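Here is how the chains run, residue by residue.
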Amino acid sequence: MSAPRAATQSRWDSRLGLVITLLVVAFLIVPVIFSLLAGVTQNYFVGLKSGLTLRWIAEVWALYADTLWRTLIVALSTLAIVTLVGVPLAWILTLMRGRLARAIEELITLPVAVPGLATALALIVSWGTVGGLRASTAFIVIGHVLFTLPFMVRAAGATMQGRDLPALDQAAATLGARPIVRFLTLIVPNAAPGIVSGALTVLTLSIGEFNLTWLLHTPLTKTLPVGLADSYASMRLEIASAYTLIFLVLLMPLLIGLQWLGARGSRANTFPSAPRATSL
Amino acid sequence: MRLRGWRWFAAPAAALFTAFWLLPMVKLATLGAHEIDGRAAYMHVLTDLRYWRSLFNTVGLSLGASLLTVILAVPVGRFLARHPHFPGRRLVMGLIAFPLAFPGVVVGFLIILLGGRQGVVGQAARAVGAEPIVFAYGMAGLFLGYLYFSLPRAVGVLTAAAEGIDSSLLEAGQTLGAGPWRRFMDIELPALAPAVTAAGAMCFATSMGAFGTVFTLGTQIDVLPMTIYNEFTNYANIPVAAALSIVLGAVTWAVLYGAQAIAGRGARAGGGA
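Going line by line, the protein sequences match chains A and B. When the letters of the first sequence are read in order and numbered with this note's numbering, they come out as residues 1 to 280. When the letters of the second sequence are read in order and numbered with this note's numbering, they come out as residues 281 to 553.
The shape of chain B in the complex, shown without the other chains (with noise of 0.2 Å):
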């Protein structure tokens, strides 16, 4: 047996995992069950309509965010896999690539900078004698702060995905006497497919969970990670804060988990959430 005399070495790391997250999730899981009222809080959760406005706004928030982004993305994928060497590619790249390291806070106030009270477009439109345009603090904001997020991840996967297309099939295609929209939907998009869904499934998750920069746009927006905040800062309501953290995790994992298995093990890798 190849692993004769290395179990032990097991040992830290499951130690760890077991007392620093299972047992914790284990108990925060139990904690939903409570009883608030004599009914538990996982109860109160499905059946109160505010909680359910918030999930709404969530998913359909997150799930917009997704689908904006990877109709961008695709375009820019297939751009930059076509055209491997036109002057500024390696700066197109790399500025595309450096955001991939900011944190939601960050993202946030970004979203700030670009459409706040003192922000890029609002000052353009008072320059110009137009009313200033605020945007960023609500629905709006979040929504950019979701596309921000998640462009370069999805530009990324999406240009590695195109770049495996092979090129003479293309050429077949034209040969044959198909136009460039046929080539892109009968060739182009089912090859893309995986890819495409890989990056929806991250932005998705990474947007459902996104609390950083709803934090810094806004304490009011209404949506998911807030409303778990706010009920265990605020009403210290515990057992509430339990169960809808343990229903926005198990959502969001079923999704990376299913775009997963639809995508093949691509999608961990390329999207690295």
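Pulled out of the complex, with its shape left as it was, chain A reads as follows (with noise of 0.2 Å):
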């Protein structure tokens, strides 16, 4: 099989694209490496010679748990409010089709699409002053919720689709079902792989973002992102190295998720569909 398409890259090409290949695998895995190891390194000055120890961990659990504990919370409430309001959105689009509906999807992407930055002070000028909301946790789910609902709305969206749901829909409003039944037991249950990735998506880039919470947080309500860029200025390597691979594990489960939802769906070669974060 592989013969007859490798023939049309010559011998120095595929030599070459390897190189490339390792080369760029290397600057990605390399850093990832040095950091799993540096978290459980007595010393990572010293090297691996110095002894291994969950040291660092521990003192990660006790400086800084309560921010992993508020990163879940944030997530699952992002993750609850972005269902409610962007599943049905996505039904209104599917419906609808056409310009309008393209215009829409592009106004809610606009929180993606402008920096974090802009988001979060035009949150912050707007809303700041409004009772206790700028202490409060709510504050930073609010910033999540704009920028993960295009997400939801795409992923549902892509599904309701793909399965003609309107023609079903048609047929079951003639049998005389109303709109919210037909919307909880016909559209929501077809629509439920999209849902599913779309809620994936939603807690990868919940639990990892920075930009707007970085504005939006208060001493009080720190998240782990918030957390690791604290640890990464005033903490020693060691710590901050544990600190990130705490993370990593936390965002595992939501990556092998995605992964074996992209596999059920698509051709086993094709590039893996990976949890992803959208901004730097």
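Hints listed in this document are in silico derivations from the structure and should not be mistaken for laboratory results. Since we're looking at a predicted model, the values are computed, not measured. Beta carbons are placed, not taken as given, at the ideal position from N, Cα and C, and that holds for glycine. Careful, some of the hints might be misleading.
What the hints assert, rightly or not - A few chain A residues facing chain B, derived, Cβ under 7 Å:
id, residue
1, S10
2, G17
3, I20
4, F45
5, S126
6, L168
7, G208
8, Y232
9, M252
10, P253
Unchecked claim - Which chain B residues face chain A? A few, computed with CB under 10 Å, are given here:
id, residue
11, P304
12, R333
13, L335
14, F359
15, T486
16, I518
17, Y537
18, G538
Since each chain comes alone in its own frame, lean on the hints to assemble the complex.
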């Protein structure tokens, strides 16, 4: 199978491709390996011969456990709101199709396209003085909802269109089912794969979100990425690495879940679908 | 009408988006028009060389990183597409996809591990008796951070695009006597062009708005997101911060929108940005 296709790439072409591929892999993975090692090494400067330890992990836990819980609360609240708001919107856009639907999708994607700093500043100048909102975790959730909503709408909308749900819905309507009944018993179950993959994306993005959160947080509402930035700036390398390790472990189940969904839906050989952050 | 009975379904999303994004953005834009010393903040931003330098740095760095990303991602994408069955292929693709989930702060930290005071490169230089090399805490580190973030995304987009090239075209070219270089320039590159544009624009836009990475590497790096942050927190100069945010947002959005128009709808789907 592979021989005739590979024949269209000359030998030096293939070799150059392989070398560049391996260099790219090394550039991406070497720092990760060193980060993982540094998190469990007694003294990174001395190296592995100083011995392995879980001491740094324990210290991170003592210092930053609250950021971990807050991040989970923020991510789950964000997911709940985005699902409740985004899935119905995805359905409306599926029914509308056409120019207007695309324009609306474009509009709700703006909080992703525009740098997070701008969105955060806008939220602060408009809502920063309202009641106790500024000091509460809800303020961060609002930012995360804006940032993740388009991903849920797009993922849910893709399955709704792919399965031709509008036609099914029309049939159910002729049989006399009310919209809300049709939505809950026909549309949502049929769009479930898209909603689940959207949900995993929303969780990944919320757990890793920093650009908005850094401006929206207060000393009492630190999330995990905020804590990470704090540890990078002020803690020893081993603690920063151990904290990063905990963060990666937290992302693992989401990563595996999305890979699994992607593998079910597509050819085995395509580029893996992985949860991805969207801002630097 | 298909929408009958459904309209109110859009109400929660519309209310939420209007109250928490649309109206706040309008307010931010009007704040940028507030006068400082008798001139609107927008005029300050447009006439002050400091901000121009900051914008120039940001655009230059982002443009350079996007170019290098695409230059590296094209051969990797071609290689992965032309060799669908080599041992370790799944591992290679998994390793390239793994960093997709890392947010900017983590990318910054990884660059510090690579080129910081205790970095891999510095340690290696020390081991062979050379001066330790430290490059993480400035423009060079930031450039590598942009590259780190963009490469997995660009490789994903370009691998998919290279897989879409009809290999019989390349074989026909070969039969007709076209060398590898001619085949690449005349067949592959034109076919890859939309994906290259899409990937490049996505890298550029994410790099322009990058904050977490800059924040981790050093708050003295003179790029626009850092300038906005400093105006806001250190000088409480909210009109200028607002004006700069609007300018940065508009530039970033325009690049994404333009590239999307060139590359077709595929740009968005592949970029995720």
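Quick rundown of the hints versus the structure:
no., hint, verdict
1, S10, "holds, 4 Å"
2, G17, "holds, 3 Å"
3, I20, "holds, 5 Å"
4, F45, "holds, 6 Å"
5, S126, "holds, 4 Å"
6, L168, "violated, 13 Å"
7, G208, "holds, 4 Å"
8, Y232, "holds, 5 Å"
9, M252, "violated, 9 Å"
10, P253, "violated, 12 Å"
11, P304, "holds, 4 Å"
12, R333, "violated, 19 Å"
13, L335, "violated, 13 Å"
14, F359, "holds, 3 Å"
15, T486, "holds, 5 Å"
16, I518, "holds, 7 Å"
17, Y537, "holds, 8 Å"
18, G538, "violated, 12 Å"
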